[in-house]
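Asker: Start from the sequences and build out the full structure, keeping to the hints where you can.
In the numbering used here, the protein residues as written are 1 to 340.
All clues given are correct.
Cut-off 30 Å, straight-line C-alpha distance, at most; resulting in silico cross-link-like pairs (DSS-like, lysine-lysine):
id, residue 1, residue 2
1, Lys-314, Lys-277
2, Lys-9, Lys-85
3, Lys-138, Lys-88
4, Lys-2, Lys-88
5, Lys-122, Lys-80
With beta-carbon atoms standing in for the labels, derived distance ranges:
id, residue 1, residue 2, range
6, Glu-206, Gly-331, 31 to 37 Å
7, Ser-76, Thr-324, 33 to 39 Å
8, Gly-73, Lys-189, 43 to 49 Å
9, Arg-10, His-39, 17 to 23 Å
10, Pro-289, Lys-85, 41 to 47 Å
11, Gly-247, Tyr-106, 21 to 27 Å
12, Arg-10, Pro-315, 40 to 46 Å
13, Arg-218, Asn-18, 19 to 25 Å
Please keep in mind that the hints were generated in silico from the structure rather than gathered at the bench. Think of the CB as a built atom: it goes at the ideal place given N, C-alpha and C, for glycine as much as any other residue.
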Amino acid sequence: MKVFLSHSKRDEDKRARNLSAMLSRFLSARGIDVVFDEHSFVAGEPLAQQIIDGILSSDRFVFVATPEAFTSGYVSNELKFATGKATKAGTNPFIIVLNLQDDMDYLPEHLHFDLMLNGDGKSLLLNMYQVYFALLGKNMNALIQGDFGPYPKTDWVILERIDDLDIIGEGAVHYTASYAVMNVCEKPKAYSLSTNFWNDDGSPIEVTNIESSSEHGRVSCRHTIRDHRGTETISIYVDSEDDIPPGEVLAFDISFINRKAFPADRALTHEIDIEEKSYGKYDIRMRVPRHSREISPALRWKKKGKDRKAPQFKPVSNGIFGITLPETTPGNWYQIEWLK
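Answerer: Spelled out as structure tokens, the structure:
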């Protein structure tokens with residue numbers, strides 16, 4: 001997907017400018033091609049034509065809206081060309097408006113009919129997820145208010161999770177899980193996560209370099225190793241050190257190295273059992289050794305105990321394979337397997 005990002009540099013508090021720069025990096029890190037003035041336009045080439053070409057070649061046009069934007073000739077021209085293309089975009093909205101004000105009176109009437117996101121009063125991280133989910137065609141409100149059948153509604157929604165499995169040696173894996181969780185209850189609340197890991201063959205687990213970090217809120221990390229039904233299991237606990245306000249997002253990572261993740265004569269397996277929580281988006285990335293890059297990981301999928309046809313991993317870059325889990329609601333089970 002390719003996205004043209006339009007904004008103004010004239011807002012006094014620089015919020016639109018800062019958000020646009022962060023949004024460009026955020027979307028690019030998730031594989032979206034972003035046309036953004038800081039890195040997309042070539043010096044010495046006619047700027048107006050580069051803007052037109054960028055809009056016409058894009059799948060979506062994201063407008064970070066402020067009153068100051070309409071005093072910019074560049075933004076006005078960008079909206080003009082985007083509106084012209086929008087009439088040919090079909091059923092999916094071409095223009096996505098992220099309104100950073102508490103009203104829409106300053107916006108031209110025709111923009112009221114485009115996909116409107118209310119960004120006023122929300123954190124920059126939440127603003128970025130609003131845009132990201134809109135680009136994916138996902139209803140963020142439906143996720144937040146979702147009814148998961150027999151499972152109770154929780155105070156937290158996992159907007160995104162990304163698992164990175166980097167095979168770094170004979171049987172060793174560097175594992176990183178990145179989370180973005182949103183407080184959907186009506187009062188500030190601390191967040192706690194507990195997650196368990198074990199070796200599929202039942203062998204003793206040898207884990208080092210366990211840590212957790214966050215750029216959006218402080219977190220602490222601890223762990224225990226115990227015997228669970230005859231299998232040595234590591235339990236990792238992550239806690240926010242501060243209460244998270246209602247409607248805000250906490251993003252953090254868990255990282256460790258498992259030096260005996262799989263034996264020499266067996267495959268690496270990674271199981272994901274989606275139980276009580278739902279995920280907005282769940283991605284898996286796996287980096288395999290140079291001598292084995294012709295072998296891609298395989299995904300197995302069960303829904304409510306029945307086998308389903310699973311999509312397959314795709315090459316992302318040299319040695320890295322990626323996949324987005326097709327369904328991330330309770331009742332789905334996945335197993336990733338890599339044969340050396």
